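There are 2 protein chains.
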Amino acid sequence: MVKIHKLDQIKKTLDDINLDEIIESGFAAYSVGDVITPPVGELVFEDPPGDTHIKYGYIKEDDYFVIKIASGFYQNYKFNLPSGSGLMLVFSQKTGALDTILLDEGYLTNVRTAVAGQIVAKYLAPDKIDKIGVFGTGTMARMQVQFLKSITDCIQVVVWGRSESSLDKYKKDMQEIGYEVEVTQDPNNISCSCNLILMTTPSTVPLLNCSNLRPGMHITAMGSDTHDKQELESRILNQADIVVTDSLEQCKLRGEIHHGLNEGHIKLNEIFELGQVILGRKRLRTSEEQITVADLTGIAAQDIQIAKAACKALEANSS
Amino acid sequence: MVKIHKLDQIKKTLDDINLDEIIESGFAAYSVGDVITPPVGELVFEDPPGDTHIKYGYIKEDDYFVIKIASGFYQNYKFNLPSGSGLMLVFSQKTGALDTILLDEGYLTNVRTAVAGQIVAKYLAPDKIDKIGVFGTGTMARMQVQFLKSITDCIQVVVWGRSESSLDKYKKDMQEIGYEVEVTQDPNNISCSCNLILMTTPSTVPLLNCSNLRPGMHITAMGSDTHDKQELESRILNQADIVVTDSLEQCKLRGEIHHGLNEGHIKLNEIFELGQVILGRKRLRTSEEQITVADLTGIAAQDIQIAKAACKALEANSS
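Residue numbers (my numbering), protein chains in the order written: chain W, 1 to 319; chain R, 1 to 319.
Do not rely on the hints blindly, as some may be mistaken.
[Claimed, not checked] SDA-like, lysine to any residue: derived pairs with alpha carbons at most 20 angstroms apart:
| id | chain 1 | residue 1 | chain 2 | residue 2 |
| --- | --- | --- | --- | --- |
| 1 | R | 3 | W | 9 |
| 2 | W | 3 | R | 60 |
| 3 | W | 3 | R | 6 |
| 4 | R | 94 | W | 75 |
| 5 | W | 94 | R | 48 |
| 6 | R | 94 | W | 202 |
| 7 | R | 11 | W | 6 |
| 8 | R | 12 | R | 105 |
| 9 | W | 3 | R | 39 |
| 10 | W | 94 | R | 80 |
| 11 | W | 94 | R | 74 |
| 12 | W | 6 | R | 5 |
| 13 | R | 3 | W | 202 |
| 14 | W | 94 | R | 282 |
| 15 | R | 252 | W | 38 |
| 16 | R | 6 | W | 97 |
| 17 | W | 94 | R | 51 |
| 18 | R | 94 | W | 11 |
| 19 | R | 78 | W | 92 |
| 20 | R | 60 | W | 75 |
| 21 | W | 6 | R | 92 |
| 22 | R | 94 | W | 105 |
| 23 | W | 252 | R | 38 |
| 24 | W | 6 | R | 99 |
| 25 | W | 78 | R | 105 |
| 26 | R | 94 | W | 51 |
| 27 | W | 3 | R | 99 |
| 28 | R | 11 | W | 97 |
| 29 | R | 78 | W | 99 |
| 30 | R | 3 | W | 84 |
| 31 | W | 3 | R | 1 |
| 32 | W | 252 | R | 48 |
| 33 | R | 3 | W | 38 |
| 34 | W | 6 | R | 100 |
| 35 | W | 11 | R | 97 |
Simulated from the structure, these hints should not be mistaken for laboratory data.
Just so you know, these numbers come straight off a predicted model, no measurement behind them.
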């Protein structure tokens, strides 16, 4: 009998999960080669524009395998729908049988992405955060800021967006939960005041360039997850002192780094893989002057870990 | 609200669907380039042995896209479970939102595969079928024979299998529904008496070789759908007068043909694609002496078509 869980049930169980621990161990397992994870499956749509990603795989000698489907359709606001949607499927590694459907509507993908941002900030962000800069006003622009609570007390946020109404809504919503928010349509207003910057848009043209870099700045780029999306001028990767990716394999094809590789601004052997950083058990940043960049395109190991943990917590709660 | 349908509901609706019409139009749409279908996603498991395939895509300017997951775990009989399982997911092409989950347990995959066998038999099998030869005793070895009813009145079946108990069970079950069944463990007993042969096993060593070929024989190979599986000695592809595949693109990587391509026994431009054959609207076999082979690895277009048709029929039945 297939178990089926809806979003409200899933949300309730997340408090029972040590999210950064399970996601860190997923990255670590991936980087030591314990996760079987084929290339990302991808469908791209033009009218209306959207993309669907299938991330899937399994940890060797584990009980389950996971197939995660997540979509971003960026004109869904016209239908009063969130841009993100999706589900996670958990199967037995012994029989292939479907065990559980998590109808998370893309929520678990958002959470595991935000947790990854939290993890890279722990290893890379400067000790003292002046202000948090955010490109984008959507779900990840909100969730990622909230997940940084365990890393920093900073509540000053400067947010960049193209739409004034979205900026106003972001400001209002985030102020309600305790943040002090400035809005801007000029990227320079972020780069001159913020030393922890989050890129969360589906932009295909760079929003930050080398002239925006300042010593001590950390940038987490999590919006670009396809071949075409790009939020950072790729020369930034050359200027940065430390560049981290969640997957050396995947960053050859998608995200910020593949643009930098193609244009010769960075080499693969100059990039750290997050799982290896985690296994090193120490902060990668060694000075407050260093410029650091993390390029996260999201890997199946995160989906596998959060789906399994959600199933376990749901099971415990139902018994 | 996501619609979720179980196997018994799905089975009931199939009578309302003109299966060969929808699957033929899927193959035709694929062959004229109207189906966006990335490479098959695949997970391979070693202990216990199994494989999971993700086939997915969409017809341009259609309302939906489909992601199909189907697994074969060949030691499931030890747990008294069928080897096949799976589900189909239907999403909106306008918003990315999940519309319907078809918990078909792999049944729709079996049906669309059997329908493809029926279609190739229509275009390739000799006019007069002496006996139907079947390699394998599983679900497809049964279903495929039954789906040939629309092509031939022949009820004589010779079945090959490795296990005597499986052969006995096959014979008993098929006799109950009106077939006359001989069992054998020698492939020659099939090749000397049957002129329509169905390969339905997950074998990785060829079960039929060139010495088994006789004029007028048609072989449909549908068991091999991975890189490693192989049911036919690849020189058979060289000896055959006509070779058809469901996908010229996919057969480069999986099924029987890629072995033949790699070993130089056949060239890609000597192979017909099924959708083109269907668009030609005439039998490809032009003489009763020709040897014909169809290599089917199963394409997303079939899954898209059967999933959409099932949803439509389920919707009609519920209203």
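These are the hints, each one checked on the structure:
| no. | hint | verdict |
| --- | --- | --- |
| 1 | R:3 - W:9 | holds (18 angstroms) |
| 2 | W:3 - R:60 | violated (33 angstroms) |
| 3 | W:3 - R:6 | holds (13 angstroms) |
| 4 | R:94 - W:75 | holds (9 angstroms) |
| 5 | W:94 - R:48 | holds (6 angstroms) |
| 6 | R:94 - W:202 | holds (18 angstroms) |
| 7 | R:11 - W:6 | violated (26 angstroms) |
| 8 | R:12 - R:105 | holds (14 angstroms) |
| 9 | W:3 - R:39 | violated (29 angstroms) |
| 10 | W:94 - R:80 | holds (13 angstroms) |
| 11 | W:94 - R:74 | holds (10 angstroms) |
| 12 | W:6 - R:5 | holds (16 angstroms) |
| 13 | R:3 - W:202 | violated (30 angstroms) |
| 14 | W:94 - R:282 | violated (45 angstroms) |
| 15 | R:252 - W:38 | holds (19 angstroms) |
| 16 | R:6 - W:97 | holds (14 angstroms) |
| 17 | W:94 - R:51 | holds (11 angstroms) |
| 18 | R:94 - W:11 | violated (26 angstroms) |
| 19 | R:78 - W:92 | holds (15 angstroms) |
| 20 | R:60 - W:75 | holds (19 angstroms) |
| 21 | W:6 - R:92 | holds (19 angstroms) |
| 22 | R:94 - W:105 | holds (16 angstroms) |
| 23 | W:252 - R:38 | holds (19 angstroms) |
| 24 | W:6 - R:99 | holds (14 angstroms) |
| 25 | W:78 - R:105 | violated (36 angstroms) |
| 26 | R:94 - W:51 | holds (11 angstroms) |
| 27 | W:3 - R:99 | holds (18 angstroms) |
| 28 | R:11 - W:97 | holds (19 angstroms) |
| 29 | R:78 - W:99 | holds (18 angstroms) |
| 30 | R:3 - W:84 | holds (19 angstroms) |
| 31 | W:3 - R:1 | holds (17 angstroms) |
| 32 | W:252 - R:48 | violated (33 angstroms) |
| 33 | R:3 - W:38 | violated (29 angstroms) |
| 34 | W:6 - R:100 | holds (14 angstroms) |
| 35 | W:11 - R:97 | holds (19 angstroms) |
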